[in-house]
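Undergrad: On the provided structure of chain A, position chain B as indicated by the hints.
Number of protein chains: 2
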Amino acid sequence: MPLTIGLDFGTESVRAILVDTRTGAVRATAVERYADGVIDRTLPGSTDPLPSEWALQNPADWLTGLERAVAGVLRASDAAPAEIVGLGIDFTSCTVLPTDAAGRPLCGYGDLAGVPHAWPKLWKHHAAQPHADRVTAAAARRGEPWLARYGGRISSEWMLPKAWQIAEEAPAVYRRAAHVLEGGDWVAWQLTGVLTRNACGAGYKGLWHKSDGYPSRTFLAALDPALAGFYEEKATGPVVPPGRRVGRLTSAWAGRLGLPQQVVVGAAIIDAHAAVLGAGIADAGPLFLIMGTSTCHLMMSPREALVPGIAGVVEDGIAPGLHGYEAGQAAVGDILGWYVQEAAPAAVRDEAAGSGRSAHDVLSEQAARLAPGESGLVALDWWNGNRCTLMNADLSGLIVGLTLGTRPAHVYRALVEATAFGTRVIAEAFGEAGLAPTRLVAGGGLAQNPFVMQIYADVCGRRLEVAGSPQASALGAAMLGAVAARAAAGGHDCVSDAVRHMAPPAARVYEPLAEHRRPYDELYTIYRELYDVFGRRGDVMQRLRALR
Amino acid sequence: MPLTIGLDFGTESVRAILVDTRTGAVRATAVERYADGVIDRTLPGSTDPLPSEWALQNPADWLTGLERAVAGVLRASDAAPAEIVGLGIDFTSCTVLPTDAAGRPLCGYGDLAGVPHAWPKLWKHHAAQPHADRVTAAAARRGEPWLARYGGRISSEWMLPKAWQIAEEAPAVYRRAAHVLEGGDWVAWQLTGVLTRNACGAGYKGLWHKSDGYPSRTFLAALDPALAGFYEEKATGPVVPPGRRVGRLTSAWAGRLGLPQQVVVGAAIIDAHAAVLGAGIADAGPLFLIMGTSTCHLMMSPREALVPGIAGVVEDGIAPGLHGYEAGQAAVGDILGWYVQEAAPAAVRDEAAGSGRSAHDVLSEQAARLAPGESGLVALDWWNGNRCTLMNADLSGLIVGLTLGTRPAHVYRALVEATAFGTRVIAEAFGEAGLAPTRLVAGGGLAQNPFVMQIYADVCGRRLEVAGSPQASALGAAMLGAVAARAAAGGHDCVSDAVRHMAPPAARVYEPLAEHRRPYDELYTIYRELYDVFGRRGDVMQRLRALR
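Heads up: the protein sequence lines correspond to chains A and B, in order. Counting in the working numbering, the final residue of the first sequence is number 548, and the numbers go up one at a time with none missing. Counting in the working numbering, the final residue of the second sequence is number 1096, and the numbers go up one at a time with none missing.
Everything labelled a hint here was simulated from the structure, so no lab data went into it. Source: prediction; values computed, not measured. Virtual Cβ for every residue (Gly too), placed ideally from N, Cα, C. You can trust all of the hints, since none of them are fake.
Restricting the straight-line Cα-Cα distance to at most 20 Å, the calculated cross-link-like pairs of lysine to any residue (SDA-like) are: (1) K672/B / G405/A; (2) K210/A / A284/A; (3) K210/A / L147/A; (4) K124/A / G953/B; (5) K124/A / A60/A; (6) K124/A / L952/B; (7) K234/A / D212/A; (8) K124/A / D334/A; (9) K234/A / Q190/A.
Distance windows between CB atoms, simulated: (10) D283/A / A901/B: 54 to 64 Å; (11) A347/A / R1084/B: 30 to 40 Å; (12) A347/A / G904/B: 14 to 24 Å.
One chain only, chain A, in its complex shape (with noise of 0.2 Å):
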C-alpha cells in the first residue's frame, strides 16, 4: 500500500501524517514540540533580552522534530518503511535563515551563536517594520510594478525585510551568509542535498514572479548598496512549483529517518497554502477560509487580474498552471480573544466556570438565540488594522448601537458578524474583478464553530462548506509528497490527481437561512458605508493613532 509522509512545520511544534496515497486515508499522526519554541524573549543559553517585536526559532529544533516525528508515525501504524514513496513540507513562511555555501545555518557557528540576527527568523518577527515601511515608499516611489500585486505595500514579515534588518543591523553575518532561505526550502535542502526555492514562499513573500523575476539590483541598490546583490548572490537556486520533486532522501537522512533512500521530498509549500489542497480544492474557482486567530483566504485561477485591495497574486503559488490569490483579514479570532479577555464581564467567566465550559462556549451559545439585527449593533473589525481591502494598519475597531440594554452576547454576536462582513467585501472583491468564487470552504480553528459557520453563511448567503481534514496543511504537505514520487511509484501524477483521490469529503454544510437575508443585507449596507467612512473617506482612525 503506498503511503506518503506530510510534514506540517508549525510556529510551536511540527506535525507528521502518514497517508494511504489511493484513500487519503491517515494512518497516523504525530507532534512534536520545538525545544525552544518561539525565541523572543533570549536567545538558548544567554541571559541577554532580545528586543521587542522579535520572534526566531531554532533549525535543531526542525530537524530534531521531523526526526522524531517521522518515528512517531512510523512506530504508531503498522506500515513498512519501503511502502512510504514520497515526503511533502509545509512550513510557516516567511520564516528564512541565512546559510553558509553548504547550508549550514549560521547559528550554528559557535562564534554566531550569540549573534541574534545569525538565527532564523520566524514569521512573526516584526521588528523589520521599518525596513518594510522603507522598502514600500521606495518601490512607491520608483513606481516598481510589483507593488501592484501586493497590494501597494509589503509586510514585515516577509523576505526582504528581514533580509535587509541582517544587511543593516548585522554586516558580518549578512557577508558571511551564502544563502538566506525559507525554513521550507532549508529543510528540503537537507534532507536530499539539493537546494531549490518553493514558488510559493518566493512569490507571496520574496516578491518573485514566474515572469519577471525578483526586483531588479536597481532598486535594490536604491534602497541600500550593501543589498544591492541580494537576489543574484544570496536567494540562488531554482524556483519550482510546490510538490516539485527535489530528490531523494540522502543516505545520511535515510538512516536518521529509518526510510528508503528511494523516498521522494517535494518542494514545500507555505502552511496556509497547503491547506488549500488539503480541504479539496485543486481547481480554479473555490474560495478558501483559514479561519483562525486571523483568516488568510485563497483562490485560484488561470488567470492573473489585479484585484483592488487584494495582496499577492503568484504564478504556481499553489497548484501548477494555475495563479493563486491570497488576502486576508488581520484579525478574527482575535478579535474574539481580546472580547473574552478584556470585555467579557465576570459573569460570562462565571457562567463558563460554573458549567465547565469556556468563555467562548458560553457566549456562542447565548449570541446564538439573538436574530440578526437583534443586538442593534455593528462592528467593524479592525482591531488590528485592516488588510484587504484597504491594507491600512493604522485603521482600528469600532462600534456602534451601543445601550444600556447592550449584553455581552449582543457585543459577541456582533463582533462574529462584523468579521464575517469583512469576507464578504473579499470575496465581493474578488467577484468584482471577474474572479467570483464558486463555492466558499473554511478550515482552521474557528471553522470548527457552528454558530460561526451559519453566521459566515448568512451573512455571505451563501453556501459555506467545512473541510474535511481536521489537519488540512499537513495532509496538502503530504498530498505534494505523492506527486513528487509520481503515480507510477504509488504517488499521482498531477495535484489535482491527489487532491482528487486523498481528500475526504466535506465534515459540514451550512446553507444560509432564507429569512437571514434581508437583515444581513442591511446590516452589510451598513457596514460597507462605515468601511467607506472610516476606511477611505475619513481619517479620525488614523489621527487617534497618532495622538497614541
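TA: Chain B only, in chain A's frame:
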C-alpha cells in the same frame, strides 16, 4: 437663632435638613425611606402585576416620611420648635397625582385603591411614551409656538402625556379628578391648605409659560376632546415662583409636626433646580452640572433665548425674575455603571475585591494614569440616546479606535471623556446663543470623583468648582423656606440673599491642565465630527434601532 427646614422628596426616600438661616450651617439631617418605595410591580395590597414602564408612588409615604423626618431633625438637634421660621420643599418631577376637590388622592378612595391610574405617577413612569409622541407630533403639525421652548420634543415624563394616559385608559378616574398636580405642590397644599403651582414644575414639565400660559384648549381638543378642558379644569391654582409664600402650617399639621403654626411654607421646586441654589448659584451666568446616572445642566439668564438643542427655558423657573435654562445628557453615570456591569472583565472585579475597593475606584485609578489620547479611543456617549443638543432618543453609543491592545482603563477613560465632550457641546451651545457660562459648578455623586472632575475641567478647558454641600437639593429647599419666611421673621427677602448667606464655599476646585489642552482639543474635534456624522448627517443609528 432662626432656622429653616428643607424637605427633599426623592425617588426612594424623603430627606429633612435643619439649617441656620444666617450661616447655612446644617444643624441636623434625617432620611426616611418610603414604605412602598417605587411601585412598579404590583399595587400595595394587590398581586396584579403592573404593565411594564409603570412607576408609581404612595402619597401616604410622602406624608408619613416628612412627619418622621421632621421629628428626626428636631430630635437630633437642640433646636426649639419656635426657632423654626420656614419650610421649603423640593420634589422629583414630574411626579403627578389626581385628587378630589379637597386634595384627597384618588387612590385613597376604597373603590379606586385597586386602580393603578388613581395613584401618583412617579417621574420615571414611562408608560405614556405613545401619548408623548402624539403630543409632539400634533404640536409639530400645528406649529405650536411653545414646542420650540422644549427643543421640539415632549417627554413621556411630563404632565400632559401622563394626564392624557389617565384620560384615555381610565376615563372614570380622569373624570373624578378635580385636580392633577405635582407631588411638591400637593405637599405644600396639604401643609398649608392652599393650592398653588410652582413655576418650576409648571414650566419645565407642564408646558406653562409666564406670558403665554398653558397650551390652548384648541390644541388639547385636537389631541382628544376628552382632554380639551384639562388646564382650565384640572390644572387650576396660581403659578408662583419657587419660594413664594404659599401659607402657614395648618393647625393640624402644626400639631402633627410639633411646630408652631406661624411656620411659613414656600412654594416647591424640582429637586435638580433646588440644587442650583444649594450650590451657591442665585444669579445669571454660572452653568451648574448635576452629575449622577444622567447629567442635568442648569443656568439662568435675564434674557429669554431659544438655544438650539437646549430643552426647557422657564421664567421664574429657578429664581424669580430670571429665565432658567435646562439641558441634559441622558446617561452619564449610567454609562459607567453599564461598563462595569456588562463590559469590565473579571480581572477588574478580582482586583477590586482583592483590594476592598469598587470596580469604579480601580478603573478610575488606572485610567487616571493615562495621558489624554493615549487610549486611542473616542466614544459617543449616547447609550441612552442624546438629549442635548440633538434631542434624539434613537441615537446610540459608539466607540472607535479599538485595537488588540485596548485595555479596560482605556475604555473607561474614553467613556468619561465622551461624557465630558457632551457637556462641552452643551456649554458651547449656550455660548453660541449669547449665553456663555461664566463659571462651571458641579454637584451630584459623580462630582465627588476627582478623576472624572479633572477630565471635565481639562476637556472644557476651564476651572470647575464642586459644590460645597453634599445635599444641595435639600439645602436649596431650606433656602426657599427662609425666603418664604422673609427677613423680618429671620429668613431672607430674596433668593440671592438666602444663597449668599447660606451656601457653603466650593468643596474643591479643579484647574484645567495646560498640557492637556491641545490633545483634548484634537479629541474634541474628532468627537464633533462623529457627532455630526452620526447625529445629524447620517442615519446609521436610527437604522440599527429599527432593525432591533
